[in-house]
Amino acid sequence: MINVVSRLFAAVVLCALLVGCSISSDSKATESLPAQIVTAGQGLIAARRAPPPQTVVATRALLAKITEPVLQINPEAAGGSDFLRRAVSRRDSSTGTVEVWNSSVLAQVFLRNGVVVGTRGVGGDIIAADANMTILALRSRADRSGQRVYTISDGDATSTEYVFRCTVRSLGQENIIVAEQLFATTHMQENCTGGPSGDATIRNDYWVQPSNDVVRRSRQWVGPTTGYFELILLRD
Amino acid sequence: MIRKFGNAAAGAAVFGSVALLPSYPVAQEAEGIFQTPQRPSLNFYGTTGLIDMPSAQMMPDGQVAVGVSNFGGTTRTTLTFQATPRIQASFRYSGIKDANFSAFDTYRDRSFDVRFLLNRESRYLPALTLGLQDFAGTGIYAGEFIAATKAFSNARIPGTVTTTVGLGWGRLGSSGSIGTPFGEDRPAFVAGDSGGELSIDQWFRGNAAPFAGVEWQINDKWGLKAEYSSDAYTLETANGSFDRKSRFNFGAEYQVSDGVRLGGYYLYGSEIGLNVQVQLNPNRPAAPLRIPAPQPYFIRPSRLEDPQSYSTDWVKSEAEASVLVRDAIMPLLAAEGLTLIETRTTASTTEVRFSNERYGSTSIAVGRVARIMARLLPDSVETFRIVPVVNNLAQSAIVMRRSDLEALEFSPDVVDASLAVTGFDSASPVLRGSARNEELFPSFNWSIGPYLSQSLFDPNEPIRIDAGVQLSLAYAPAPGWKVAGRLQHRLTGNIADNARPSTSALPAVRTNARLYADNSDTSIRELYASRQWKAAPDIYTRVSAGYLERMFGGVSAEMLWKPVASRLALGVEANYVKQRSFDTYLGFQDYTIATGHASAYYEFNNGFTGQLDVGRYLAGDVGATVSLEREFDNGWRVGGFFTLTDVSSEDFGEGSFDKGISMTIPLNWFLGKPTPQSGSRTIRPIQRDGGARLSVPGRLYEQVRSGHREELVGNWSGVWE
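Going line by line, the protein sequences match chains A and B.
Per our numbering, residue 1 is the first one in the first sequence, and the count goes up by one each step.
Per our numbering, residue 237 is the first one in the second sequence, and the count goes up by one each step.
This is chain A alone, in the form it adopts within the complex:
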């Protein structure tokens, strides 16, 4: 009997020490601190070794199946694609209409007339951003310059305000293809300089439909941690 007990005890101990797990009344076995760090490290290494996920190209046939607004996002650094559903569309005291798009992985992107003004659940999120100048430029499709301010999460519960001097220019007419459909657009480009030491540069590109001011496609900066997203409005 003692033998069995001591063996059982040894097994528990071995589990505890080697795996680093601790068992508790919180029903699920909680990982100990070193084990959590090891798991996170392993995940990081696996993520680095794995080939980047493929970007999906939407087709007209797929698009025909959906009836609600869909925004495709292709994150450049992380690879892959996601398709977001519109959760909220609302006007407030600032210029334009805010839309909240929900991703499939508990993340969100906030767009104001197609310009990114926030992200949630992405990591290093844009908490808030000022897009007034850009929206006016896209709407009028005329050159414009001004200041843009991003409040970006530092990766904890604090944030930093980054100020950029930006200029939006029209690069002329361009036809783009989205889900095998041709759209006549004006290509607008926004170049910004600023950031913590004043010399960082970012560039946002927007393809705006002149008929209805909709930003059909864009490539926008979403913060220093995430880099750039390509945003394609498949159905509005």
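Check each hint, because a few of them may be wrong.
[Claimed, not checked] Going by beta-carbon spacing under 10 Å, a handful of chain A positions derived as facing chain B:
(1) VAL88
(2) LEU106
(3) VAL117
(4) GLY123
(5) ASP130
(6) GLN181
(7) THR225
(8) THR226
[What the hints assert, rightly or not] Beyond 12 Å from chain B on every Cβ pair, some chain A residues (computed):
(9) THR167
(10) SER170
(11) LEU171
(12) PHE183
(13) THR186
(14) ASP205
[Stated by the list, open to error] For lysine to aspartate or glutamate, the following DMTMM-like pairs were computed, each having C-alpha atoms within a straight-line distance of at most 25 Å:
(15) LYS333/B - GLU946/B
(16) LYS457/B - GLU161/A
(17) LYS909/B - GLU76/A
(18) LYS909/B - GLU161/A
(19) LYS909/B - ASP154/A
(20) LYS386/B - ASP199/A
(21) LYS552/B - ASP542/B
These are calculated hints, taken from the structure and not from any lab test.
Each residue gets a CB set at the ideal place from its N, CA and C atoms; glycine is no exception.
Using the hints, position chain B against chain A.
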């Protein structure tokens, strides 16, 4: 009337889900658009410098560096902290092998450095720094210097060239002296001296010698260094540790990653040296925190358009409405890792008291509760009172107007604007007429898992470790009550092998640690009952009794005054304790003591927190402890403390008085996922019996503070994460 959310889960992928995000956050910037911050390299003392000589450079504010270097039989491990932009402090543990000048085979020593930046580098003027090395230890590395450093970059040469010239005293003035500008009377180093006291009488005395060097950072990865050293290594060369044939040192360094730099060197014409430098900044998390996006809330129609929706008919009676709100809000809070404790509502105001088991920052939890309330509550509720509670202590009432939340959600300056319209009130000790979460009490929690304990700086074995299993039990019969115990069983380890007996002139209240470790593999670390409650809106109280810590058991009572928006807090604690028997079961020894302190805590407005404790310590000595800690908004803390009591430095023994450093790192800083856990460590160069405080579980100040104004304001953007 209360809204239901069946389809609350985020939209499923239309085409099948492909990751929007990397499955693991990567700390490096995706585009590298923000340049890496200035990151000066370290020297063999683990402080900013050349190879063996210091420079005038400072690290970026808040930076933490660890340097491990080895050459000529000497190993130095140093922790350096850039406490403010102009002050750098270091703690070092060093070993010199085969040291025939000391009683031990390997001479081991601890030392503290501090440096002050006198002039910031500008276009024409160099950085100018005054440094005190080993200013309070036994003085083996004692030296003072003043150094100037200037960086140059030129289009014709790649990278940056940094040149340093300086003048050193003490060890840094022992070779190539130019005289004794401030007097000759510098005492020599005595091995085995108890050390610890500030060596003011010897600073800048004795020989002064110039030193100089140049560092060429060729590109992002490679750097070269050369220097002229003013250290004669008198002690080491006399000891035969190495031959000093030259005053010149050379080295090459390679930046392995953002935080790690390796160097190889040729020193003093005879030795090969290695240096590993690790730097990190608490302000830049290793993995960015990622928490699931919140659900957007609805905007109420305006009262003019739809007066009907603002009807208060849903409140038949406040008790009934409170129950209604409780039942609806409980699962929504639970989904965010929050536990509802109680709630009370009127037609226009709802107060929610909750505890947070998920987020490191209370601000994130507050934001989640506010959003849930804005989604859930009937339109007539305009005022939200959000009360974070820690173990029956209602920390504060964060008062938000719902219309502000609605107006500001997507505002470009949401963080500042929402802070400006938020109120911070004290929370009443009890919420009368509330609907309580009935499932909370009694509660019983247990966990079994591994433990590791260390004993540092034994001259024969610098790191001693015990490992085993521990069982923790906690029973809470009612709010604020707790019966808790922790049982440890050691499986392996060598802490008990320490052969040094207590030689203290004081009652051996701490120096008997070895006997506690030696006497039993199984020990009851703690076993106590406690109750804590709020006596008034700003007054918190705790009473504990039992086996409070490993070496003492008894009774303890504490009272703390800490208004929500006050930077100042005052507390008193009184304990009557008896020393526990060495087997750490239930027995006691004869020694009893009444010990206690009056404490003042202050949160300075630059991120520093100070604490002053005045009272009687475990050995019966009377005095005060001064602690100063730099606290980062994300939970990192680095600090130091010292205790002066009426015990003479002779009676105290090695170190002369009690002092140490402490460091706390929040776990989510590493993991990128929300957790309130953190790792904390206090390091004393040596633990003696003077200035020793009882280690009572559950002191009030830290429990209370996380939900008070100062902590919330620093993390206010967390409300919107």
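Hints and how they fare:
1. Because the beta carbon of VAL88/A sits about 4 Å from the nearest beta carbon in chain B, less than 10 Å, this interface hint is met.
2. With its C-beta approaching chain B no nearer than about 4 Å, LEU106/A sits inside the 10 Å limit, and its interface hint holds.
3. About 7 Å separates the beta-carbon of VAL117/A from the nearest beta-carbon of chain B, less than 10 Å, and the hint is met.
4. Hint on GLY123/A holds. Least Cβ distance to chain B is approximately 4 Å, under the 10 Å limit.
5. Hint status for ASP130/A relative to chain B: holds, with the closest Cβ pair at about 4 Å, below 10 Å.
6. The criterion of a C-beta within 10 Å of any C-beta in chain B is not met by GLN181/A, whose closest approach is roughly 17 Å, and the hint is violated.
7. For THR225/A, the interface hint holds, the least distance from its beta-carbon to any beta-carbon of chain B being 5 Å, beneath 10 Å.
8. Annotation: THR226/A was flagged as interfacial toward chain B, and the flag holds, the nearest CB pair being 6 Å apart, inside 10 Å.
9. With a least CB separation of 17 Å from chain B, THR167/A remains clear of the 12 Å interface cut-off, as annotated.
10. Distance to chain B confirms SER170/A as a non-interface residue, since its nearest Cβ pair spans about 24 Å, more than 12 Å.
11. With 12 Å as the threshold on Cβ separation, the claim that LEU171/A sits away from chain B holds: the shortest Cβ distance comes to roughly 21 Å.
12. Every Cβ of chain B is farther than 12 Å from the Cβ of PHE183/A; the closest lies at roughly 20 Å, confirming the non-interface assignment.
13. Distance check for THR186/A against chain B: the nearest CB is about 25 Å away, which clears 12 Å, and the non-interface claim stands.
14. With a least beta-carbon separation of about 15 Å from chain B, ASP205/A lies farther than 12 Å from that chain, consistent with its non-interface assignment.
15. Restraint check for LYS333/B and GLU946/B: not satisfied, since their Cα atoms lie roughly 49 Å apart, outside the 25 Å limit.
16. This hinted pair does not check out: LYS457/B and GLU161/A have alpha carbons roughly 30 Å apart, beyond 25 Å.
17. At most 25 Å may separate the alpha-carbon atoms for a hinted pair to count; LYS909/B and GLU76/A meet this at roughly 23 Å.
18. For the hint pairing LYS909/B with GLU161/A, the CA-to-CA distance comes to about 23 Å; that is within 25 Å, so the pair holds.
19. Straight-line distance between C-alpha atoms of LYS909/B and ASP154/A comes to about 14 Å, which keeps the hinted pair within the 25 Å bound.
20. Taking the CA atoms of LYS386/B and ASP199/A, the gap is about 23 Å. The hint holds against a cut of 25 Å.
21. Taken as a hint, the LYS552/B and ASP542/B pair is honoured in the structure, with Cα atoms around 21 Å apart against an allowance of 25 Å.
Checked against the numbered hints given earlier, the structure breaks hints 6, 15, 16 and satisfies all the rest.
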